[in-house]
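K.L.:
Two independent chains are provided; combine them into the complex using the hints.
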Amino acid sequence: MKQYDAIVIGGGHNGLVTAAYLARAKKSVLVLERRPRVGGAAVTEEIFPGFKFSVFSYVVSLLRPEIIRDLDLPRHGLHILPLESTVTPMENGDYLAAWGDHDETRRELYRHSPRDAEAYDEYGRLMHFMAQAVKPILGMVPPDPTSFAPTDLFALLKLGKHFRGLGAERLHALVKLMTMSSADFLDEWFETDVLKATKSASGIIGTFLGPRSPGTAYVLLHHYMGELDGVFRAWGFAKGGTGAVSESIASAARAFGAEIRCDAGVAKVLVRNGRATGVVLENGDELEARTVASSLDPRRTFLQLLEPDHLPPEFVADIRRFKFRGSSGKVNLALDALPSFTCMPGIGRQHRGAFSISPSLDYVERAYDDAKYGEFSRRPYMDIVFPSMIDPGMAPPGKHVMSIFVQYAPYHLNGGWTDAKREAFGDAVVNTVESFAPGFKSQILHRQVITPRDIERITGLTEGNIFAGELALHQLFFLRPAPGWAKFATPVRGYYQCGSGTHPGGGIMGASGRLAAMRILKDGA
Amino acid sequence: MSLRTTPFHPRTGPLSEGQAWRRWAGYVVASSYELSHDREYHAIRNSAALFDVSPLYKYLVTGRDAARLLDHVVTRNIGKAKVGQVLYTPWCDNEGKQIDDGTISVLGEQTFRMTSADPTLRWLHLNASGLDVTIQDVSEPTAAVSLQGPSSREILQIAAERDLSALKYFRLTSAKIRGIPVTISRTGYTGDLGFEVWVDASQAVPLWDALIETGTPYGITPAGMLALDVARIEAGLLLIEVDYFSSRHALIESQKSSPLELGLGWTVATDKERYNGQAALDAERKRGPAWQFTGLTVDWDSLEQLYADVGLPPRLPSQAWRTSVPIYDRGGHNQLGYATSGGWSPLLKRYMALAHLGSAHAPGTEVRMEVTVEHHRKQAKAHVTPLPFFNPERKRGGGGA
Numbered sequence: 001m002k003q004y005d006a007i008v009i010g011g012g013h014n015g016l017v018t019a020a021y022l023a024r025a026k027k028s029v030l031v032l033e034r035r036p037r038v039g040g041a042a043v044t045e046e047i048f049p050g051f052k053f054s055v056f057s058y059v060v061s062l063l064r065p066e067i068i069r070d071l072d073l074p075r076h077g078l079h080i081l082p083l084e085s086t087v088t089p090m091e092n093g094d095y096l097a098a099w100g101d102h103d104e105t106r107r108e109l110y111r112h113s114p115r116d117a118e119a120y121d122e123y124g125r126l127m128h129f130m131a132q133a134v135k136p137i138l139g140m141v142p143p144d145p146t147s148f149a150p151t152d153l154f155a156l157l158k159l160g161k162h163f164r165g166l167g168a169e170r171l172h173a174l175v176k177l178m179t180m181s182s183a184d185f186l187d188e189w190f191e192t193d194v195l196k197a198t199k200s201a202s203g204i205i206g207t208f209l210g211p212r213s214p215g216t217a218y219v220l221l222h223h224y225m226g227e228l229d230g231v232f233r234a235w236g237f238a239k240g241g242t243g244a245v246s247e248s249i250a251s252a253a254r255a256f257g258a259e260i261r262c263d264a265g266v267a268k269v270l271v272r273n274g275r276a277t278g279v280v281l282e283n284g285d286e287l288e289a290r291t292v293a294s295s296l297d298p299r300r301t302f303l304q305l306l307e308p309d310h311l312p313p314e315f316v317a318d319i320r321r322f323k324f325r326g327s328s329g330k331v332n333l334a335l336d337a338l339p340s341f342t343c344m345p346g347i348g349r350q351h352r353g354a355f356s357i358s359p360s361l362d363y364v365e366r367a368y369d370d371a372k373y374g375e376f377s378r379r380p381y382m383d384i385v386f387p388s389m390i391d392p393g394m395a396p397p398g399k400h401v402m403s404i405f406v407q408y409a410p411y412h413l414n415g416g417w418t419d420a421k422r423e424a425f426g427d428a429v430v431n432t433v434e435s436f437a438p439g440f441k442s443q444i445l446h447r448q449v450i451t452p453r454d455i456e457r458i459t460g461l462t463e464g465n466i467f468a469g470e471l472a473l474h475q476l477f478f479l480r481p482a483p484g485w486a487k488f489a490t491p492v493r494g495y496y497q498c499g500s501g502t503h504p505g506g507g508i509m510g511a512s513g514r515l516a517a518m519r520i521l522k523d524g525a
Numbered sequence: 001m002s003l004r005t006t007p008f009h010p011r012t013g014p015l016s017e018g019q020a021w022r023r024w025a026g027y028v029v030a031s032s033y034e035l036s037h038d039r040e041y042h043a044i045r046n047s048a049a050l051f052d053v054s055p056l057y058k059y060l061v062t063g064r065d066a067a068r069l070l071d072h073v074v075t076r077n078i079g080k081a082k083v084g085q086v087l088y089t090p091w092c093d094n095e096g097k098q099i100d101d102g103t104i105s106v107l108g109e110q111t112f113r114m115t116s117a118d119p120t121l122r123w124l125h126l127n128a129s130g131l132d133v134t135i136q137d138v139s140e141p142t143a144a145v146s147l148q149g150p151s152s153r154e155i156l157q158i159a160a161e162r163d164l165s166a167l168k169y170f171r172l173t174s175a176k177i178r179g180i181p182v183t184i185s186r187t188g189y190t191g192d193l194g195f196e197v198w199v200d201a202s203q204a205v206p207l208w209d210a211l212i213e214t215g216t217p218y219g220i221t222p223a224g225m226l227a228l229d230v231a232r233i234e235a236g237l238l239l240i241e242v243d244y245f246s247s248r249h250a251l252i253e254s255q256k257s258s259p260l261e262l263g264l265g266w267t268v269a270t271d272k273e274r275y276n277g278q279a280a281l282d283a284e285r286k287r288g289p290a291w292q293f294t295g296l297t298v299d300w301d302s303l304e305q306l307y308a309d310v311g312l313p314p315r316l317p318s319q320a321w322r323t324s325v326p327i328y329d330r331g332g333h334n335q336l337g338y339a340t341s342g343g344w345s346p347l348l349k350r351y352m353a354l355a356h357l358g359s360a361h362a363p364g365t366e367v368r369m370e371v372t373v374e375h376h377r378k379q380a381k382a383h384v385t386p387l388p389f390f391n392p393e394r395k396r397g398g399g400g401a
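Sequence lines, in order, name chains A and B. All letters in the first sequence, in the order written, are residues 1 to 525 by the numbering used here. All letters in the second sequence, in the order written, are residues 1 to 401 by the numbering used here.
Worth flagging that the hints you see were computed from the coordinates, not collected in a lab. The C-beta atom is built at its ideal place from N, Cα and C for all residues, glycine as well. A few of these clues could be false.
Cross-link-like lysine-lysine pairs, in silico, PhoX-like; alpha carbons within 25 Å at most [as the list claims (entries may be wrong)]:
{"hint": "1", "chain 1": "B", "residue 1": "K168", "chain 2": "B", "residue 2": "K82"}
{"hint": "2", "chain 1": "B", "residue 1": "K381", "chain 2": "A", "residue 2": "K135"}
{"hint": "3", "chain 1": "A", "residue 1": "K421", "chain 2": "A", "residue 2": "K441"}
{"hint": "4", "chain 1": "B", "residue 1": "K378", "chain 2": "A", "residue 2": "K135"}
{"hint": "5", "chain 1": "A", "residue 1": "K441", "chain 2": "A", "residue 2": "K399"}
Across the chosen pairs, the derived CB separations fall in these ranges [what the hints assert, rightly or not]:
{"hint": "6", "chain 1": "A", "residue 1": "E104", "chain 2": "B", "residue 2": "L3", "range": "27 to 35 Å"}
{"hint": "7", "chain 1": "B", "residue 1": "D209", "chain 2": "A", "residue 2": "E104", "range": "26 to 34 Å"}
{"hint": "8", "chain 1": "A", "residue 1": "D362", "chain 2": "B", "residue 2": "Y169", "range": "57 to 65 Å"}
{"hint": "9", "chain 1": "B", "residue 1": "A166", "chain 2": "A", "residue 2": "L303", "range": "56 to 64 Å"}
{"hint": "10", "chain 1": "B", "residue 1": "H383", "chain 2": "A", "residue 2": "L521", "range": "18 to 26 Å"}
Excised from the complex, chain B in its bound form (with noise of 0.2 Å):
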């Protein structure tokens, strides 16, 4: 393979019945293990998933000025954030429009790991200048797997040998798992119970042993991208380069996005001193987003009958899509905006949707979907549903949850 496979790739590999792999940051991981992704998304909501999530680009920035240098990058309060906590934020250009979105890990008082899903490191280093701050990029020597599902704690806790129930959602600690040094976060990209395991490439292969030995009672299942997928869109989580642009990607104006228009205000801190974008989005704030990112639920009865019509049964997505569907009012005809990701939940049993669509539209709202019946453009309807679909209480619930 000409692109790069993960430190994990030595177990991952031979677990793949079907040859599918998804490049990610120049990376390959798994599609999906077994040849449909069913029984992978179900261990999410379950039991418990096991990814390699190792592409992620991850730097460490440490140093006298670290706080000062991420808090000047990212939009949530870092100066606020105490040794052990993780916080999930989106970054900004000078005009508020967001360049990626991350975790920053607070590793230490002066030491910190930043995940993104595109590389980083330049604009960590115009951002950095006059600082004293030193920034590496760890992405290749740190591997993560992420552990999701009801059971992870359990798996997590006897693997690790401590007990975890006190751990905080998006909270981190340091644990030994088999005498393997590895951090622990309480974080994921499931919307579910889940943990990420941070570990030095060299050690990843034990590690993997030690979960899938330790898990195996439990339900563990290895997991890839297509099961997350399912998972994150009921999460309501979004993802680069399909529910938005990076700023810095975009072509032209309107491909670009703010985080109060990707439902991300909450993580736009107003409390701190100068910052990437920080008029811009002040000013957005003032007076109100002019689009928001919501979810939709396809009406089932609408979509039958639209497939009654040609005399079939309904055809559902049998994977999340990635596609750009317009989205229309309920005459049909004004284009209110449009759904950037989507899919079939099994869990719920609801047709879903990402969607981007003007903020006027309030939760309830009957909006109009395109989709395609037999070859034929056709709308079916849709309601606007906050987000996000799936939220259980165990989540953010403490232990025994």
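Only chain A is shown next, with the shape it has when bound in the complex (with noise of 0.2 Å):
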């Protein structure tokens, strides 16, 4: 039998990532997904025909530009299109916009408060120096601050000193980041409440907690990440939807000479010795590596592919204790036409930006509270883009299709979900969305309705958490997945984790992908 220099189970993008850089290493590489495409949470698919939908994750921010240049992403079709501005429909018909001009930006702010106006230019610069502070990071391997190996201890020295290089006053901005919660940090710089309310809507996504809780100030910055490197645009849509992110990291690996199986489930990892063999398919099949590593959130990646005698037990009961929480849902539409908003009527270049429903910290925080005893959002928190405003590929010639990112819908429902309840949040999302833009439901043609249920079903993300884990401060860094075993390695020999649930985590980053690689490369697969 062909024993593979490396097995990578689970083909969305980090996953992907991993067998691209072991094959551009002249590594023979096989990547088993469980699906019929490759793409993870990362796909495109025509579920009305002619209407193609970023089924799950729908923008692209912090995808690595070194990760697009090493793998030559662009020729294998890869093309991220700027998404440039943010519009807030406020409840009693105004609205708040952010445009891609600075200038406009700032005479719109003005218009509802001069102080915010200049305050805005302050804060930005603050989390650009904030983003930069942090932004190393994202490239490093998480040195273990207990451990007293040369390695850690010289990482952890580099990294010492570069907090120290940032000076006393950005010093405590980033000690308040870690430590505040987004309303309130928001606080400290803007009246607007609006404002304040859109602002902290990014705090919250992919977490179970609201815009007042503690640790969500961090994943505003997480966001701002994104805006340092792909040259001053913070979001961006994939041409083709994010499916076309994974296809062009697939064509790429394989170009490199990996195989790439779908249709091919893995139900265990092969365990000889204390050391990882190959895996076992769901159809009874055996495959013989070398190298194993796991693309699967860490929950999957231990609990269920691994025997638990595999592992010590202070181990499993931290991964056990590794948060997922699943708070977000999806409503995918169909659209004749393109809806037309009270705050700002008519069709225009509002419709190639984002639409955010947060009105206000009241609305978000009370989004929040229903989802905290067990409902979905009544009226939700939710982001709006219509990708073939964008690409007008993803729909017919003059028709639409719109994403609408909502939370919260937590995983765990009050007596759980079930189709009458999908249903039921769907209709809250379309209502709500009518409350700010009356006619739109007549425009819609088909509706998708994801729950954080059907995302576990339909990816296999446990719980549904988008980011395969909760990006919570406690969950990061050398903390991610578990302390101690932050570093791709796994207490198996020969099996690494290379999932979106090891440092950094989240998004259509890719880090973790790459830097699994980079170590799985240097232990010498």
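P.N.:
So this is what it looks like as structure tokens:
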């Protein structure tokens, strides 16, 4: 039987990145994907004839430019298009808009608060510095602060020097970001409620926290990071949807010689004498490899694919404690025509950016209140984009697709998710949009509603957490996914983790997959 | 405006959000219509960008000796060209130094349309003595738009109500768009799937309206020169007065270049009778050109480090630049040549430049490019990269691409 240098479990973007880097280093690599297509949560599917949906993940902000360059992804079809604006409709019929042009945004903000218009620049400057301060960490294998190994000490020393070099003011700001709630942090800067609500919304995405929960300020920063690289643009949209990102990485991996097998779910990782030796597929086939890397989330990587006796009990306990708590849903719509919003009537450039349904801090916090007690938000926070306005190929000419990211939809819903509950959730979403854009419901040709249960069922992400584990402070950096095991290796020799559940995790970033591949190569796979 | 506006100006004028115009051959055309050229750039690679390219100089060359004249002037073999073909070609002085570059459309056995960046009427007349040929300057009466991008074919097919999938790269056809007679050539300056539409100036506005109306559901986007400049660098296409000087404008010998030094060796025919510069070019080909025109990719980590040294994140040019920048060897002391255009590719996420280097430096060679970081001259690591930087299959591909 053929023995591969490496088998990668899971053909999501991180698994594919790992495979591509290993294949690029001339390793024989096999990717095993359970579904009929690669992509994991970054897939484009034609759910309704002629209309293409980025079914789950829908925007790209943090895909590492070095990955784009190293793997020559544009040659394999990757094109990331800018999403330039955000419009927040308010409940009084007004709006708050952030446009691509700085002066235009400042003037818009001035309309709401001359003071905030000025603070906005200073805030942007600080966040820029903060993102710059944190950015090196993204590209770094997390050192273990309790270790005395020379590599850890060296990395810690470097990190310490880096943070000392920030200066007092920025270090203080960083500590605040690490500890405060996004609402409190933004309160220190701004007085305009709708501005704070819209900014704070990015701090709650993918977490089971509200804007007033401590720790959410950090996620604000996580979302600023994209701005540093891709040259000046925070959010982008992949031509062809997020599936095109996965497809381009898969194509690059194949070009380097990797083999990708779909409809090939892995049942177990084979372990002999404490060392991974291959995998058993769900159909019973056994495949051998010198190295096995799992891009699945930590719970499935360790508790499902391995027998518990292969792992130290403390580690198993840590993984069991790792929090998922999926809190987001998705509604994808095929539209006959674009909706006109009361706050900015007509069809125009506003449809080329995002609409944020976050009219006030209370609105967003109340949406969380529902979820805290086990219900989906009756009036949820939503991030709406029209992908067909950016890439017309996503829908038939003149028709449109609408992507609605919704929070909150708790995984653990009172009474559990049923088909009826899913439709009720979809109704809540559509009715809320209708309240800001009357007549919108009559333009819907097809509706796809996705709950955290559906995310889990289809993609395998535990509890439907879009980040393969909550992006909470206690689950980041050298704690992701568990203390002592944040460096992509696992307690089983030859078995590695390469998914979003490892540092730095989250978003279509690919950094976990790349760092894991580096680690595997360093260990001499 | 004391400069001329193009026949499309009644439509392009009101589109300009920031009144950003650029001079081109005595006309003004949009630098960008929106405040930033970002979206216009992305339209080239994502959907379809519509450029007003009317300022190009255009000449209609007709008569029994028309092909003979052109064959004598340019370096490509016109005698072998078929009706319906378009040839990209440079032309040279007698020393084989490049005067200009442009296209020749073979409209009929004895009918050719030549485009150029500089006025060429006098040069054509100088070469035409004793020949049975008529040369007309049709620059003003002929308007042109360029529709570039992956959706360009689909839009034109609907507008012209005919299948264009058989129209090959660098071929042309006549067609009607809403009753307006046009010539459609599969040409452009973006290195993408794209077409140029040639029309009588009096019909320019209705043609524009027809294209915009048809193209809107496909994401057609009027675009200006800033967006075009980024795309043409990605495509490795050179620009006169920027990447090379016309030998007729050069003040000193070293400012001149031959097509062989500009990466245009493929356009210099080896199978035709006497033409301007032939002897010099034959000799140069034999001994090998001293210079090459090539791509450079600036090493990101190196650039980032230069900025990190002064405590800044990397700054990249938000527009393509057009200045001469020294290129050194990896030791940083010996100058190997100079870059003439450069910029950040939003698509490729690469900092790219077009450069003149001694011909010895093969692809992959590590060099240093001068960059100014916080007022200080630094050198960033870069690698010699073959052109083009971006070359999608759809550029030459058939229908359905």
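K.L.:
For every hint, state whether the structure bears it out.
P.N.:
Here is how each hint holds up against the structure:
1. B:K168 x B:K82: 13 Å, holds
2. B:K381 x A:K135: 22 Å, holds
3. A:K421 x A:K441: Given that 25 Å is the threshold and the Cα spacing comes to 19 Å, the pair holds.
4. B:K378 x A:K135: 24 Å, holds
5. A:K441 x A:K399: Holds, at roughly 15 Å.
6. A:E104 x B:L3: 27 to 35 Å: Holds, at about 29 Å.
7. B:D209 x A:E104: 26 to 34 Å: Holds - the Cβ-Cβ distance for D209 of chain B and E104 of chain A, about 28 Å, lies within 26 to 34 Å.
8. A:D362 x B:Y169: 57 to 65 Å: 60 Å, holds
9. B:A166 x A:L303: 56 to 64 Å: Holds - the Cβ-Cβ distance for A166 of chain B and L303 of chain A, about 59 Å, lies within 56 to 64 Å.
10. B:H383 x A:L521: 18 to 26 Å: 22 Å, holds
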